[in-house]
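Taken in order, these protein sequences are the chains called V and E. Mapped onto our numbering, the consecutive letters of the first sequence carry residue numbers 1 to 111. Mapped onto our numbering, the consecutive letters of the second sequence carry residue numbers 1 to 115.
Read the hints as simulated data drawn from the structure, not as lab findings. Using N, Cα and C, we set each Cβ at its ideal position, and we do this for glycine too. No false leads were slipped in.
Dumping the calculated DSS-like pairs for lysine-lysine here, alpha-carbon to alpha-carbon at most 25 Å:
| id | chain 1 | residue 1 | chain 2 | residue 2 |
| --- | --- | --- | --- | --- |
| 1 | V | Lys65 | E | Lys102 |
| 2 | E | Lys45 | V | Lys11 |
| 3 | V | Lys57 | E | Lys102 |
| 4 | E | Lys77 | E | Lys55 |
Stretch by stretch, here's where chain E covers chain V in the computed footprint (C-beta under 8 Å, at least three residues):
| id | stretch |
| --- | --- |
| 5 | 45–58 |
| 6 | 90–100 |
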Amino acid sequence: EAAVTQSPRSKVAVTGGKVTLSCHQTNNHDYMYWYRQDTGHGLRLIHYSYVADSTEKGDIPDGYKASRPSQENFSLILELASLSQTAVYFCASTRWGREQYFGPGTRLTVL
Amino acid sequence: GDSVTQTEGLVTLTKGLPVMLNCTYQTTYSPFLFWYVQHLNEAPKLLLKSSTDNKRTEHQGFYATLHKSSSSFHLQKSSVQLSDSALYFCALSEMGTGGNNKLTFGQGTVLSVIP
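All chains should be modelled from the sequences, with the hints used to inform the complete structure.
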């Protein structure tokens, strides 16, 4: 099965601080995605990428930046963390026309 | 834009009963539909997928049929088990010309199976 890992798995951040969430895949997939999930709700797309060194805005990009330095790695950056960004963040990867494989998630709490 | 609608937020059933979770979609492209299952504190995992009209697809006792005429992809199981308790997402991918390989998720349906 396709492998997607995320780090850290859990993080507590202070309001106004910088947070970086990392994602790594060993599937040789072109596409990578960052989602957030709020308790009991669906997944919302923040940013995605279909090639290294390029990122695209998803449906809720405000307050987030993304970086894809290589095919295997995709980071999500919160420059100024806010209380409203407390959520679980999932990374996913896929090839064109195939299902997405999700990482285990990062639980972010902003205080 | 694309959209996916799951009408039930919570479905509670007694073990052994059948279940159907509704999913309808809207898209201007050729649809590729997915059902993902997410158990508590875990990542979503693929349960079913289909892009073929009127063909039933099955996995782990669950089944669904994509009906392009009614834009639906309902998830069914004939006899639910306690281990089926989870959050179920229907998702749509654009596969036609101009499609961007993004998934649009429904809001999700919590299935709670009681003894």
